[in-house]
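Visitor: Take a look at the letters that make up each chain.
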Amino acid sequence: MIAIIDYGVGNLFSLKSSFAMIGADAVVTGDADTIRSAERIVLPGVGAFGDARKKLADTGLDAVLIEEAKKGKPVMGICLGMQMLFEKSYEYGEHEGLGLIPGEVAAMSGRIDPQLKIPHIGWNALSLRGSHPLMKYVKSGDCVYFVHSYCAVGCDDAVIATAEYGMDVTAAVAKGNVMGCQFHPEKSGEVGLAILRAFCEV
Amino acid sequence: MITKRIIPCLDVRNGRVVKGVNFEGLNDVNDPVELGRFYSRSGADELVFYDITASAEGRKLFTDILTKVASEIFIPLTVGGGINTLDDFERVLSCGADKVSVNSGAIRNPQLIEDAARRYGDQCVVLSVDAKRVGGSYHVFAKGGREDTGMDALAWIRRGVKMGAGEIVLNSIDTDGVKKGFDLEMLDAVCRIVDVPVIASGGAGCMADFVTLFQTLPKVDAGLAASIFHFGEVKIADLKDELHKKGITVRRV
Chain A
17 MIAIIDYGVG NLFSLKSSFA MIGADAVVTG DADTIRSAER IVLPGVGAFG
67 DARKKLADTG LDAVLIEEAK KGKPVMGICL GMQMLFEKSY EYGEHEGLGL
117 IPGEVAAMSG RIDPQLKIPH IGWNALSLRG SHPLMKYVKS GDCVYFVHSY
167 CAVGCDDAVI ATAEYGMDVT AAVAKGNVMG CQFHPEKSGE VGLAILRAFC
217 EV
Chain B
3 MITKRIIPCL DVRNGRVVKG VNFEGLNDVN DPVELGRFYS RSGADELVFY
53 DITASAEGRK LFTDILTKVA SEIFIPLTVG GGINTLDDFE RVLSCGADKV
103 SVNSGAIRNP QLIEDAARRY GDQCVVLSVD AKRVGGSYHV FAKGGREDTG
153 MDALAWIRRG VKMGAGEIVL NSIDTDGVKK GFDLEMLDAV CRIVDVPVIA
203 SGGAGCMADF VTLFQTLPKV DAGLAASIFH FGEVKIADLK DELHKKGITV
253 RRV
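Line by line, the protein sequences give chains A and B.
Numbered per this note's numbering, the first sequence spans residues 17 to 218.
Numbered per this note's numbering, the second sequence spans residues 3 to 255.
These are computed hints drawn from the structure, not numbers from a lab.
The structure presented is a predicted model; accordingly, all values stated were derived computationally and were not measured.
Errors might be hidden in some of the hints.
As the list claims (entries may be wrong) - Straight-line C-alpha distance at most 25 Å; calculated BS3-like pairs for lysine-lysine: (1) 248/B - 133/A; (2) 133/A - 89/A; (3) 221/B - 133/A; (4) 164/B - 145/B; (5) 164/B - 182/B; (6) 133/A - 164/B; (7) 237/B - 164/B; (8) 134/B - 62/B; (9) 237/B - 247/B; (10) 155/A - 248/B; (11) 155/A - 104/A; (12) 152/A - 133/A; (13) 155/A - 247/B.
Stated by the list, open to error - Per label pair, the in silico range of CB-to-CB distance: (14) 43/A - 33/B: 54 to 60 Å; (15) 60/B - 110/A: 48 to 54 Å; (16) 206/A - 237/B: 29 to 35 Å.
The C-beta atom is built at its ideal place from N, Cα and C for all residues, glycine as well.
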């Protein structure tokens, strides 16, 4: 069973439906015991880092997630959920992340050509780095769907895929059993479903 | 680089997809779920569903259909039509929509844009504008293009973006249904004043119209159309191939 952590941030309908589509048993839950008994954990998230981080802390599920990740359980953060896996974010202030992957989250504005629109929104091509199992069904050039204004930086060792948008945007990361996608696999058509399938197999 | 998006638009009334010429003379075309699945498979980058139902029963039917579409189709979904309040945002977002398009509801109550952007984020709020040339300027039309509000379209769009609209759909009533190409002049005027994505709507009749759109106006992010896709006059996969051949970055499946 896959636990999709529900901490009151964003809409989990598509994520749950996409796991159902690939035949995986996924539940949306805010219950610590359900998360502990799951084989895999997904940390979703949309909106601002500070709010989401606070909501996750208020539920006490951040401690559960960290504990399960340290036991070696596969964890995948999606979009803001991926950003929260890092040590720190500079979105509207400075916020502590979960610290599961070294690196931090910073504004794209100022790092890219000012002609480029922010947020980075739409379909963009992946460039794979190495051959991580999460990416085993996809290839460089496959497009996925992004919506974000902040991105992970200083995490070179963990980057498994990038997308070109005035810079090499961190698209997917992995450190041991902890993985993350900046893009939305649940909105990325067949390519996205293939990545979720790969996550179910790691 | 971000790819240029091709977006089929499905007008839904009483559970069926309809498309009128110049907003009149509606005729049934297809089932929304079937059509959505077909478009997703053939490479559509996003789907727009407009609820043009007037009744409460029709609205219920629409949300049922939306839920079904969203549980089977994993590309971004935008919903518009009858969005007047934050409750309407909530209603369609909870059925699996990713973005919500406001039009007449925002004209009546512009604050809706700001309230929704604050609650759901700018990326969630699409301002859809039906505009038409009136005496040397562009006017905003309401009620599906039937009523001249007298508002200047460029001023309205600028204001909408300032209030938090994350994307603009510009539908030119002058070119809609005519199938002789997008309204490049009107689109150019809008691209010059905003820095959020602009989606061109109204007037596509063939593949060359999309090539012209993206070559002439590189700041336009997407092209939206309905009947030419529904009736198979333009196949999305062929269109993507054609755009790619012309050096325009697109996502191909």
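Visitor: All hints are to be evaluated individually against the structure, with a verdict given for each.
Guide: Hints versus structure:
1. 248/B - 133/A: holds, 23 Å
2. 133/A - 89/A: violated, 37 Å
3. 221/B - 133/A: Holds, because 10 Å separates the two Cα atoms, which is no more than 25 Å.
4. 164/B - 145/B: Holds - the C-alpha atoms of residue 145/B and residue 164/B are around 23 Å apart, at most 25 Å.
5. 164/B - 182/B: violated, 32 Å
6. 133/A - 164/B: holds, 15 Å
7. 237/B - 164/B: Violated: residue 237/B and residue 164/B sit about 36 Å apart, past 25 Å.
8. 134/B - 62/B: It is violated: about 32 Å lies between the C-alpha atoms, which goes past 25 Å.
9. 237/B - 247/B: holds, 15 Å
10. 155/A - 248/B: This hinted pair holds, its Cα atoms lying about 24 Å apart.
11. 155/A - 104/A: Not OK: residue 155/A and residue 104/A at ~30 Å, beyond 25 Å, violated.
12. 152/A - 133/A: violated, 31 Å
13. 155/A - 247/B: holds, 21 Å
14. 43/A - 33/B: 54 to 60 Å: violated, 31 Å
15. 60/B - 110/A: 48 to 54 Å: Since residue 60/B and residue 110/A have Cβ atoms about 49 Å apart, the given range 48 to 54 Å holds.
16. 206/A - 237/B: 29 to 35 Å: Given about 18 Å between the Cβ atoms, the range is violated.
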